[in-house]
Amino acid sequence: MRAFLGFVRKETLHLLRDRQTLAILILFPVVQVLIFGFAVRTDVRDIAIAIVDPTPDVATIELRDRIAASDRFHIAAVSPSADELDLQFREGSVRQALVLPRDVERKIGRADSLQLQLITDGSDPNTAGIMMGYATAILQRWYRDAVPAGRSLQIEPQVRMRYNPTLESAHLFVPGLVAFVLTIISALMTAISITREKETGTMEMLLVSPIRPTAIVAGKVIPYIVLGFVSVLLVLVAARTVFGVPLRGSLVLLLAESLLYIVTALALGIMISTKVPNQRTAMIAALAGLMMPTLLLSGFIFPIDSLPVVLQWLSNLVPARWFLTIVRGIMLKGAGLVTLWQETLILVGMTLFLLIKGSRGLAIRLG
Amino acid sequence: MSDYAIDAHELTRRFGSFTAVDAITFNVEQGEVFGFLGANGAGKTTAIRMLIGALEPTSGSATVAGYDLKTQADQVRRRIGYMSQKFSLYEDLTVRENITLYGGIYGVSDKDIATRTGDILTRIGLEHAGDDLVRDIPLGWKQQLAFCVALLHRPAVVFLDEPTGGVDPITRRRFWELIYEAGAAGTSVLVTTHYLDEAEYCRRISIMVNGAIAAMGTPSEVRKAVGAETLDEVFLKLTRPGSGAAA
Chain A
1 MRAFLGFVRK ETLHLLRDRQ TLAILILFPV VQVLIFGFAV RTDVRDIAIA IVDPTPDVAT
61 IELRDRIAAS DRFHIAAVSP SADELDLQFR EGSVRQALVL PRDVERKIGR ADSLQLQLIT
121 DGSDPNTAGI MMGYATAILQ RWYRDAVPAG RSLQIEPQVR MRYNPTLESA HLFVPGLVAF
181 VLTIISALMT AISITREKET GTMEMLLVSP IRPTAIVAGK VIPYIVLGFV SVLLVLVAAR
241 TVFGVPLRGS LVLLLAESLL YIVTALALGI MISTKVPNQR TAMIAALAGL MMPTLLLSGF
301 IFPIDSLPVV LQWLSNLVPA RWFLTIVRGI MLKGAGLVTL WQETLILVGM TLFLLIKGSR
361 GLAIRLG
Chain B
368 MSDYAIDAHE LTRRFGSFTA VDAITFNVEQ GEVFGFLGAN GAGKTTAIRM LIGALEPTSG
428 SATVAGYDLK TQADQVRRRI GYMSQKFSLY EDLTVRENIT LYGGIYGVSD KDIATRTGDI
488 LTRIGLEHAG DDLVRDIPLG WKQQLAFCVA LLHRPAVVFL DEPTGGVDPI TRRRFWELIY
548 EAGAAGTSVL VTTHYLDEAE YCRRISIMVN GAIAAMGTPS EVRKAVGAET LDEVFLKLTR
608 PGSGAAA
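Residue numbers (my numbering), protein chains in the order written: chain A, 1 to 367; chain B, 368 to 614.
No wet-lab data here; the hints were simulated from the structure.
Derived EDC-like pairs: lysine to aspartate or glutamate, alpha-carbon spacing no greater than 20 Å straight-line:
id	chain 1	residue 1	chain 2	residue 2
1	A	K275	A	E199
2	A	K198	B	D459
3	A	K198	B	E458
4	A	K198	B	E529
5	B	K604	B	E567
6	B	K478	B	E464
7	A	K198	A	E11
8	A	K333	A	E343
9	B	K437	B	D370
10	B	K437	B	D389
11	B	K453	B	D503
12	B	K437	B	E377
13	A	K198	B	E423
14	B	K453	A	E199
15	B	K604	B	D564
Given these sequences and hints, build the entire structure.
Next comes the structure, spelled out in C-alpha cells:
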C-alpha cells in the first residue's frame, strides 16, 4: 500500500511538473466550450423576421418598433395573414416569423391569455436556438412593460421548428464536448504516460520490481481520473455560466456516469499503450483511433440516423456514442437511470472488457 | 536451494528461429564481482533480462539469490537490484524523490530511507543537489545515483547493464569503487561492459560469443586458456576468429 501511494504521488508530480501539458489539459475544455459556443453565434445578427399582425393596434406597433430597434432583427415583412410564411421560409427570405393573434390591445387590457406563435427556421439547430432566445427576450420585455404590475398574465409562445422538427436544443454540443474532452484527457494521456515509461526504460525497472502491474496501472490512472473529473466540472460550469445550458436531470447521476466513462477511456488508453512502442505512435493511434470516431460516429457532429447504415452499425462499437446518449438524456431531457440503464449497462460491459484485455496485455512482461 | 548468488543451468532464449542465448551455464558467488563481456548482440542483455525476470527463458533453469526464477519470481524480485542500459531514474523528479519512490516500491521503511538517502548523497557528493531535478545533474552523477538507488534495498544480487556507457574515465573509476564497496558488503554484482580495462577489475569474467559462453574464469585464467597476452587480444580472438589477431 505504501509503495502504491508513493507511486500515485510520483504520477501526480509528473503531471504537476509538466506545466505546459497541465495548462493545456486544464484550459482545453474551457476553450472548447467557448469556441463551440461562440462559433455558434457568428451568424446570429440581422435576423430577417416576418410579422403577421391581423389587427394592428397601439400594442402591436409598439412591439414592432421594439423588434425593429434591436440590432438582432430587421423586419422583412408585415402582413395580415400567415399564408405567405411557408413560401418565405422556403425561399429563405425570412428566418423567423412572429404570428400575433387578433385584438392584442384589448386582450392585454382585459387580462385575457395571449397566445403568440414564434416560428423559427430550424435547419441550423444552433442558430435556431439563439434566434428563439432573442425573440423571446424582446417579447417578454415588451409584455412586462405593456401589462401593468399586479396582473399575472403569461405569454405562451408556441414554438414550431420548421425543417428540423426533431430539434431538441441548441445546446446539443455540450454533452458531446464532455465525451470528447474526457476521451482526450483520459485515453490519450494514459497512453502517452505509459508509453513514455516504456521509452525511457523506467517501465522495465518497475516491471522487475516487486510492485504489481495492476498497481502500476492503477497508480498511473488515478491522477488522470481526478483531472478528467475536474474537466467535466469545468465544462459544465462554463457551459452553464456562459451559455446557460440547462441541467435538467440529476447532477449526481451525471457525475457518476462521467466517472464510468473516464474509466472506459482510461481502459482504451491502456489498450493502446500495450499495442504501440512509443509516445508518437501512441498519440497518432489515440487521435486517429479515438478522436475521429468520438467526433464523427458518436452523434456529436452528425446525427447517428443520418449516417450510412454501415457506419451506424460501427457506431455501436464507439463508447462515446452510448455516453453521449446518457449525457444528453440527463442534461436535456432530465432522464434518470430508469430510462438510461441500457446504455449504462453497455458502457459497463465495454469498460470491463477493455480493462481485462488491457491489464492482460500489460501483465505480459515486456518482450 | 543454491548457495550461489546466481546459478544458471543451460539457460536458453530463442526469438523465433534466432537463438539469442544458447544454453549458458555459470554461477556467481556471494559478494563476487562477475563481468559479462561480449560484442554487441552477443546476448548479454538478453541473458540479464532473463535473470531479472523481465524475459522468460525458452528452456533451462536458474536460481537467483537462492530462489528459483520460474517458481519463486516474487522472492527473486525483492532480492535483486537492476540498473538498465537506458538511464532509469525519473528526470522530472528530484534526487530525493527518486530515492524515496524506489525505497517505497521495495518496502524500505521511512526511517531507513531517510538515513540511506543521507548516506548516498554524501558518498557520491551530491549533498547540495538533493532537491535538484535529476535532469539537471551531470550524467556521471546520474549513473552513480542510479547505481546507489539499485542498491537501496540492500539486494543480494545487483545487475548492471553497461553502467559506464558515455561516462568519463574519472567517473568510471569512481563507479568501480562503488561496485567494489558493494561487493565487499556482500552484494554480488553481475556487470556487462564493453571496456576491457574494466574487465580486469572483475574477479571472474565470461565472454559471450553468438549467445554462448566462449571463455570463463579469472581474467588471467581466461588469458592463459585462450593463449593471449591481453584481454584485448582474447576478445579479438574469440569474437573474430581467423582475423589478424589469431596466433
